[in-house]
Amino acid sequence: MSSGKVQVVQAQIKDVGKTSERQWIESVANRHGRLLEVSVIGDGGMRFWAVVGDVVAGNVMAGDVREGERIMVLWVDSKIVSDYYQLDDLLTPEEQAVRLKVRECMEKRSSSDNDKGYWEKAEFPFEVVPKLAALRVAGGSIKGYGCPNLSITANAVATAEVARVDASCSGFILVHSSMAMLTIALCGSEAQKQKYLPSLAELKTVACWALTEPDYGSDASALKTTARKVEGGWILDGQKRWIGNSTFADVLVIFARNTATNQINGFILKKNTPGLLATKIENKIGLRMIQNGDILMKSVFVPDEDRLPGVDSFQDTNKVLAVSRVMVAWQPIGVTMGVYDMCHRYLKERKQFGAPLAAFQLNQQKLVCMLGNVQAMLLVGWRLCKLYESGKMTPGHASLGKAFCDLEPIYTYEGTYDINTLVTGREVTGIASFKPAATSNRSRL
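As numbered in UniProt numbering, residues 1 to 445 make up the sequence shown, in order.
Accuracy of the hints is not assured; some may be wrong.
35 Å max Cα-Cα, derived DSBU-like pairs, lysine-lysine [as the list claims (entries may be wrong)]:
#1 Lys143 / Lys204
#2 Lys366 / Lys351
#3 Lys280 / Lys229
#4 Lys116 / Lys351
#5 Lys193 / Lys366
#6 Lys101 / Lys204
#7 Lys193 / Lys131
Just so you know, these hints were derived from the structure itself, not from any lab.
All chains, full assembly: derive it from the sequences and hints.
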């Protein structure tokens, strides 16, 4: 169990010396957590401080205990009730440490932050950037260049812990780290890695990743943005749409079609490059704090040194998308955990007809159904990480994870629910159903 914040509750001690009560304490501990020694305190009232899950530990009888003596009580993190099957048991100590430090950081981003009205105003909370930088998780699984070299599992649980509190902040770091930075790390030259990754890892600069276009989303390989070779570099013309972080990004990773080869190439653009314009997409309903933008490029010159040498075709983006698809599955996992935690807390605190809402059978049924879905999502996400780390993950595995873990408010990332379903369907049947094979020679999803 993680040692997160413990809600402290004062309770009366009675009859703790009875064997039956000791067995009760031990049985609860075996089911829910670990035992810690806690001093008995009070002024004649024989009181102690503890919480047993979400049950006040005063339910434990403790009559033979004197003030100042020590008894064994249960300490669990009652706030993270959504992790019912205790994912920490499947994580390494290093992964547990990453999860806990991100959790503690994000829980400090409390209602006082949300009360500033970022959601209503559809503005990004820039004060969270230095807090995320201090966690040293930007760069995820990248090794060197100031990056943390996390396991894919650690990267995933960090993504989920941010999303558990704030899906928009999770989207920000996912695009910056698991897409833009990873593209430079996997497809960039050594000089490009040295130039860009250290400041991106410290979040001194921010990046975006631009593949989607106004007319090409799921069929991204059909993109129309062009790259024309000229002396000393390239001229880019075209549009991108729904690009997260684009309105304030210092570094833009752009994909365009080479007019000479008809293949997809990758480029690194800098903010304020002449001919480059990014405008905010207004009136969104979901993920309002993420600054999605339209990017317009008119005769944008990119020097040869900023062309990504490792991107010579659309297929070269797959090594980046393989990681991002794992993270995309974990983002709704985190959101779902946060929703469950809030519902659980509300149902126990809110009273109607003389009882907490949690006391009504219908509400308990809904809560348990939610809890089961959360555990299933967590285990699917964990298994997806293990498949990736062992080199066994396929596009079908990733798409099934995304399709299963997506939520209605984000229905759905990286292509529609139908597209994610069809990717897995193609893999299990051997038949591609996106389009008749004779209609196009383009790379498929």
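Status of each hint after checking the structure:
1. Lys143 / Lys204: Measuring from Cα to Cα gives roughly 18 Å; hence the hint holds.
2. Lys366 / Lys351: holds (17 Å)
3. Lys280 / Lys229: holds (30 Å)
4. Lys116 / Lys351: Judged against 35 Å, a Cα distance of about 28 Å means the pair holds.
5. Lys193 / Lys366: violated (49 Å)
6. Lys101 / Lys204: Holds, because 21 Å separates the two Cα atoms, which is no more than 35 Å.
7. Lys193 / Lys131: holds (24 Å)
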